[in-house]
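**Q** Each chain is listed here by its residues.
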Amino acid sequence: MFFRKKAEYSDFEAVALPHLNDLYRTAVHLVRDRTEAHDLVQEAYLNAWKAFDRFEPGTNCRAWLFKILINEVRHYRRRWFTSKVVPAGEQSFEETLTFEPPIPESIQDEDVLAALDEIPREFREIVLLADVQEFAYKEIADMLGIPVGTVMSRLSRGRKQLRVKLADYASAAGIGRKLEEGA
Amino acid sequence: MNVVNFNDRSCERYRRYFDAYLDNELLIETNQDVLHHLNSCPECSRILEARAEMKRLVKDAVGREEAPPELVAAVRTRLQKENRSFFSGDTARWMMAAAAVALFAIMGWSTAIRWGVWPFGNVAIQTVSDRVQELLRVGLIDHVHCSIIYKQWQKLLSFDQMKAETGPSALGPEFIDLVPIVESRVGKEFSISQGHRCRANHREYIHVILKGQSDTLLSLVVTRKEREGESFSREEAVAVLNAADVPVYATHEGQLEIAGFETEHFLAYVVSNLERADNLRVAETLAPAVREHLARLEL
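Here the protein sequences come in this chain order: C and Z.
Take the numbering used here: the last position of the first sequence gets the number 183, and nothing is skipped along the way.
Take the numbering used here: the last position of the second sequence gets the number 1299, and nothing is skipped along the way.
Since the hints were derived computationally from the structure, they do not count as laboratory data.
Incorrect hints may have been included.
Covered stretches of chain Z (in silico footprint by chain C; criterion: 3 or more residues with CB under 8 Å from a CB of chain C, positions within the stretch not fixed) [claimed, not checked]:
id, stretch
1, 1040–1050
2, 1054–1061
3, 1065–1072
4, 1144–1151
5, 1192–1206
The list that follows gives simulated cross-link-like pairs (lysine to aspartate or glutamate, EDC-like), each with its CA atoms no further than 20 Å apart [stated by the list, open to error]:
id, chain 1, residue 1, chain 2, residue 2
6, Z, 1188, Z, 1177
7, Z, 1059, C, 11
8, Z, 1055, C, 125
9, Z, 1081, Z, 1070
Keep in mind it's a predicted model, so treat the numbers as computed, not measured.
Note that beta-carbon positions come from the ideal geometry of N, C-alpha and C, so glycine has one too.
With the hints as constraints, model all of the structure from the sequences given.
**A** Here it is in structure tokens:
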């Protein structure tokens, strides 16, 4: 027989708290509000602790925590907003462009963050999970409860919108090279 | 050599793979195809570099933000408020628990919970009725009293020493055989620290303490029913499992799991800091043999 000791708070702190910064950063851009992000991260930790008995030691704690955070964010959105989903077939103006703008020179963090916060949240959350947190597509699909193919298409569309927005900022600010247009 | 321009259809095909390529999500063969194409196409190379740069910029920009220090403090405070952290801590808390145990003798469990003086919080009551919960806690009291507060598990006694014991704490001929019964069934993961007879909260208990790996502590607690109504079956409770036709009831308090079963005259418990399923497994293993032994005493 093999027996497992009941989960202890100290174990939870040791495995879960090191991810607090990552969770907070993600929450800030998921809801675009620092105060809300603050509360959501707290709720996520509370729920994670309540479910810690069911957490399998040795599995990916970070992915597990992110899944809980994403659920919290969804509850929060349901409470405050009527969910606006981007229809699958509909493409934004940016996405219809076929050129691939180069990254403007001397782009600032603020520009990148502003562009990120402007893209629709369905794309933004996947960009955050893939580009910032570097989760595998399969992990992201599991967190969001969507197929891997949807993760890939949303990521690709999100990145494209981000590139075009950044190029727009740059040209508006008069920096960067002239955009090279494809035919 | 292939000269590929921006409008080349094959370029478009390869560019569709660029995001997955950057994320290391392509199959090896596709990855090699993309690499092969990049070697011969400066425009696609430039585009891929720009996308990689974009990915890095986003990661760096978002990553520069640190969580405010008060968030760490707030998370800790909220977590510690949760009653489940209760058992991880210090002696002072256990002394509080001991005081609470004494208080129940006067006011009863449910009143204590309602008044908020039971320091473990009101958990898991939804699964069993208040009275069954109360009956299950009869076993918890002795585990908390001897195993945790008085740290009896540190006082190791061999089977011969337990057998030779004659004082009021001796198991005596009636109960000494519970020790080998338990020992032969729990396996190597637990070793018996000792068995004794004791009193807690005005009640007499037979108590076998087992120490397991990684700070696990388990008790087999047996006590005589004090009145007619002290029975799980009378409360119409639903047993969580049947161990060879012995119904086993369960609940938890803070970090401790409690499983209980009964004979006509005895209540028996397995209390531990194991996972719920594991505590139940021990109870399932012990219940038939322990019940058989107790039933023989009733003849």
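**Q** Next, verify each hint and record whether it holds.
**A** Hints, verified against the model:
Only residues whose C-beta sits within less than 8 Å of a C-beta in chain C count toward coverage, and the stretch 1040–1050 of chain Z has 3 of them, enough to reach three; the restraint holds. Given a C-beta distance limit of less than 8 Å, the hint that chain C covers the stretch 1054–1061 of chain Z holds, as 7 residues qualify and 3 suffice. Remark: the stretch 1065–1072 of chain Z is confirmed as covered by chain C, as 6 of its residues place a Cβ nearer than 8 Å to a Cβ of that chain, reaching the required three. Here's how the stretch 1144–1151 of chain Z fares: 0 of its residues keep a CB closer than 8 Å to some CB of chain C, so the rule of at least three is not met and the hint is violated.
Counting residues of the stretch 1192–1206 of chain Z whose CB lies closer than 8 Å to any CB of chain C gives 0, which falls below the minimum of 3, so the coverage claim is violated. Restraint check: the Cα-Cα separation between residue 1188 of chain Z and residue 1177 of chain Z comes to about 19 Å, which is no more than 20 Å; the hinted pair holds. At most 20 Å may separate the alpha-carbon atoms for a hinted pair to count; residue 1059 of chain Z and residue 11 of chain C exceed this at roughly 29 Å. Restraint check: the Cα-Cα separation between residue 1055 of chain Z and residue 125 of chain C comes to about 14 Å, which is no more than 20 Å; the hinted pair holds.
For the proposed pair residue 1081 of chain Z and residue 1070 of chain Z, the alpha carbon gap of about 16 Å is at most 20 Å, so the pair holds.
This entry does not satisfy hints 4, 5, 7, going by the numbered hints stated previously.
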